[in-house]
Amino acid sequence: MIDAEAELGRRVQEFLAAHPPAQTDRDRFLRARFEAGLAWVDYPVGLGGLDLDNSVQPAVDAAFAAAGAPDNKPQSNVIGLGMAAPTLLQWATREQQERWLPPLWTGEEVWCQLFSEPGAGSDLAAVGASARRDGEDWVVNGQKVWTSLAHTSRWALLLVRTDPTVPKHQGLTYFVVDMQSPGIDVRALRQLTGEAEFNEVYLDDVRVPDAQRLGAVGEGWRVTQTTLMNERVAIGGSVGSRETGPVADLISMWREARADRPELLDDVTRLWVDAEALRLASALSAQAAERGTPGPEGSGLKLAFAQLAQASSSLTLDVQGPQALRYDDWTEHRPDLTTPPDRVPGYWYLRTRANSIEGGTSEVMRNIIAERVLGLPAEPRVDKDIAWKDIPK
Amino acid sequence: MTELPSLLPHEVDTDLRDAVAKLLEDRSPIDAVLHRCDAPEPFGDGARALWAGLTDDLGVAGLPLAETEGGAEATWRETAVVVEALGRAVADIPFFISAVMATSLAQAAGATGLLRDLATGHEIGAVVTPFAAPFEPRAEVGLHGSRVAGRVSAVAGALESTQLLVPHPDALLLVRTTDATITPLPSLDMTRRVADVELATVEAVVLAEGREAQQAVQRAAHVSAAMLASEQLGLAEYSLESTVQYLQQRRQFGRVVGSFQALKHRLADLWTLLIQARAVARYAAACAGAEEGTAAAHDLPVAASLAQSYCGPVAVKIAEECVQLHGGIGFTWEHPAHLYLKRAKVDALALGSAAWHRRELAKQVDL
Chain Z
1 MIDAEAELGR
11 RVQEFLAAHP
21 PAQTDRDRFL
31 RARFEAGLAW
41 VDYPVGLGGL
51 DLDNSVQPAV
61 DAAFAAAGAP
71 DNKPQSNVIG
81 LGMAAPTLLQ
91 WATREQQERW
101 LPPLWTGEEV
111 WCQLFSEPGA
121 GSDLAAVGAS
131 ARRDGEDWVV
141 NGQKVWTSLA
151 HTSRWALLLV
161 RTDPTVPKHQ
171 GLTYFVVDMQ
181 SPGIDVRALR
191 QLTGEAEFNE
201 VYLDDVRVPD
211 AQRLGAVGEG
221 WRVTQTTLMN
231 ERVAIGGSVG
241 SRETGPVADL
251 ISMWREARAD
261 RPELLDDVTR
271 LWVDAEALRL
281 ASALSAQAAE
291 RGTPGPEGSG
301 LKLAFAQLAQ
311 ASSSLTLDVQ
321 GPQALRYDDW
331 TEHRPDLTTP
341 PDRVPGYWYL
351 RTRANSIEGG
361 TSEVMRNIIA
371 ERVLGLPAEP
381 RVDKDIAWKD
391 IPK
Chain P
394 MTELPSLLPH
404 EVDTDLRDAV
414 AKLLEDRSPI
424 DAVLHRCDAP
434 EPFGDGARAL
444 WAGLTDDLGV
454 AGLPLAETEG
464 GAEATWRETA
474 VVVEALGRAV
484 ADIPFFISAV
494 MATSLAQAAG
504 ATGLLRDLAT
514 GHEIGAVVTP
524 FAAPFEPRAE
534 VGLHGSRVAG
544 RVSAVAGALE
554 STQLLVPHPD
564 ALLLVRTTDA
574 TITPLPSLDM
584 TRRVADVELA
594 TVEAVVLAEG
604 REAQQAVQRA
614 AHVSAAMLAS
624 EQLGLAEYSL
634 ESTVQYLQQR
644 RQFGRVVGSF
654 QALKHRLADL
664 WTLLIQARAV
674 ARYAAACAGA
684 EEGTAAAHDL
694 PVAASLAQSY
704 CGPVAVKIAE
714 ECVQLHGGIG
724 FTWEHPAHLY
734 LKRAKVDALA
744 LGSAAWHRRE
754 LAKQVDL
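These protein sequence lines are chains Z and P, in that order. The C-terminal position of the first sequence is numbered 393 in our numbering, with every residue numbered one higher than the one before it. The C-terminal position of the second sequence is numbered 760 in our numbering, with every residue numbered one higher than the one before it.
Don't read these hints as lab results, they were simulated from the structure. Take these hints with a grain of salt, some might be off.
Which stretches of chain Z does chain P cover? Using the computed rule of at least three CB atoms under 8 angstroms from a CB of chain P, they are [stated by the list, open to error]:
#1 66-72
#2 184-192
#3 300-308
#4 356-367
#5 373-383
A short, non-exhaustive set of chain P residues, derived as facing chain Z with CB atoms under 8 angstroms [what the hints assert, rightly or not]:
#6 S399
#7 Q641
#8 L754
#9 A755
#10 K756
Note that the structure is predicted; figures quoted are calculated from it, not measured. Ideal Cβ placement from N, Cα and C applies to all residues, glycine included.
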């Protein structure tokens, strides 16, 4: 183990010596890092990795950062790195992996996810966008929504209905679609914060080659599970130090304003306590995963995170006092996802409303906990065993 | 990332937990505890048999003590495993009072002789302080040379005790229980009964004086508050598990009641509180058991007040929901839900309320 780590460290240093970051073009540097297997070291040899355990990745990233190497701006391609890549690794052909993974990792090609629809949110398996076979292609029609990064993406993961005559889970098929295809219309979706972080995507007779299908026809729900499992992993963040995370702004603002509003002390202390409880629970969960026995805490931690983020951002306005009524910017614009925005507390009060909706609503989290952790029965289902086309909509 | 101590059970913890659980299963099934609550006196034959099993057979009363103190050279971390198991079983023995409160106080005061006696379980210590108050020196006891006089109300463990530790602002004193007048009170928690303690100018042994005595009480208060969280965790675990089990079987309207989303969501919320209470209790135990000079040991005052700010209310909430979600049966004397409700509520008041600990915490972390 020690030898393997030393060997890996040596490889990184050799690579940096051969490609001095200061004198190498950014894209060329990143492509070379991918080719050297030092991108995501747990990936297979030839696909950016060295077949190593992913626990050594932080050391590799730290070594590159210490040398002043450019990173692949992971925040500008979260769906690609977090969800598309593991899905492609499991379901695409080797040839497709060799085509798609290098520019995905370097950030030259951004990916998005065409899953949710106006009529299929928590009930994702109800998607109604259709694909009809036509020769070597499929012809796709429908509307997708809440698509982060659609406006900067080259590729999308697409879930569509290929057979409306069977029960909803059975009639789905999964594709990779080129976002430059004719018939794709990306429209900004303005949200209650004023900005437009997401998109609506309209698909009008979009032709997708059958070769870009992942999994069998009708097997789309299984492929989707791979993507969604990785979404949970991507959302469950790391464990920071005390007073970081959702309470950081509240606590620092409190220390400045407490003389003016002493009546809020107990409210602030309660959230300090909640934040520390969540931080310790996240640490316990991370320690269990590190030991190789991950627990089922993920859904509970996401639920608690949303509650804490909302309560903290709300109380920050109380602490702020009269100035809380000022908002900074209602103009519609695309947020820069690579750096945390410097916004007023009112913005965070509004943005955290989404924490309990995005990536699975808190209500869905509660169902998952009740059914998969506590072993309680599912609600009786009215859409079971009937064709999707016959479900009341 | 700040380096946190391990919050996971060690292998020896699992063995210890299993041994205590087995003993509880044999000597203290929940129906036996229910039955023992009806007895006029606490700590009868059944409870004493459990006590003997814990102290003589398993030898866990002196876990955190050095060998010279008659102990097992383990730490408060391991004691927390025992406390959690006893909480799960709402056991009616003075383990928390004697092996945690009195022992941590005697340990902090360096009272080696007393520690040796307490570690055997043959002597049982109680601290003369109202259980539902912050663990602090008490001014209602007067000190005249080495003689103490005064009356302290609603003291836990006095009835079972053989030795009374009296934390006075100027000194920490030791009195034999037989030298005091103990008046039992009908108690909200009949698994941990309280009594009035009257000391009529009694000769006492001085264990520590002045600043040393105050520091000993403070250390014991922190350790006790930290360890109480493990009891609260045990209460909450059992209450939630028994509620989930009941809702998996109970049918109404032709359905298993646990399939109604309204109830599932409530249980999911309770489970989410529970996993956080577990982490908080484990952290508090790790800090109490940490070696002197470490960051974790330094953080004990924060960890202890955090634990009592969080775990007390969580245990109460889950015990209340346990009664509610059991419906009518949960309100009966024959069902054990009420034992957990009463213990949880009393524990939330014990050693300072959550509100008191939040105020302490705010001072500690500069809020």
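Each hint tested on the structure:
no.: 1; hint: 66-72; in the structure: violated (count 0)
no.: 2; hint: 184-192; in the structure: violated (count 0)
no.: 3; hint: 300-308; in the structure: holds (count 4)
no.: 4; hint: 356-367; in the structure: holds (count 4)
no.: 5; hint: 373-383; in the structure: holds (count 8)
no.: 6; hint: S399; in the structure: holds, 6 angstroms
no.: 7; hint: Q641; in the structure: holds, 6 angstroms
no.: 8; hint: L754; in the structure: holds, 6 angstroms
no.: 9; hint: A755; in the structure: holds, 5 angstroms
no.: 10; hint: K756; in the structure: violated, 10 angstroms
The structure is inconsistent with the numbered hints 1, 2 and 10, although it conforms to all the rest.
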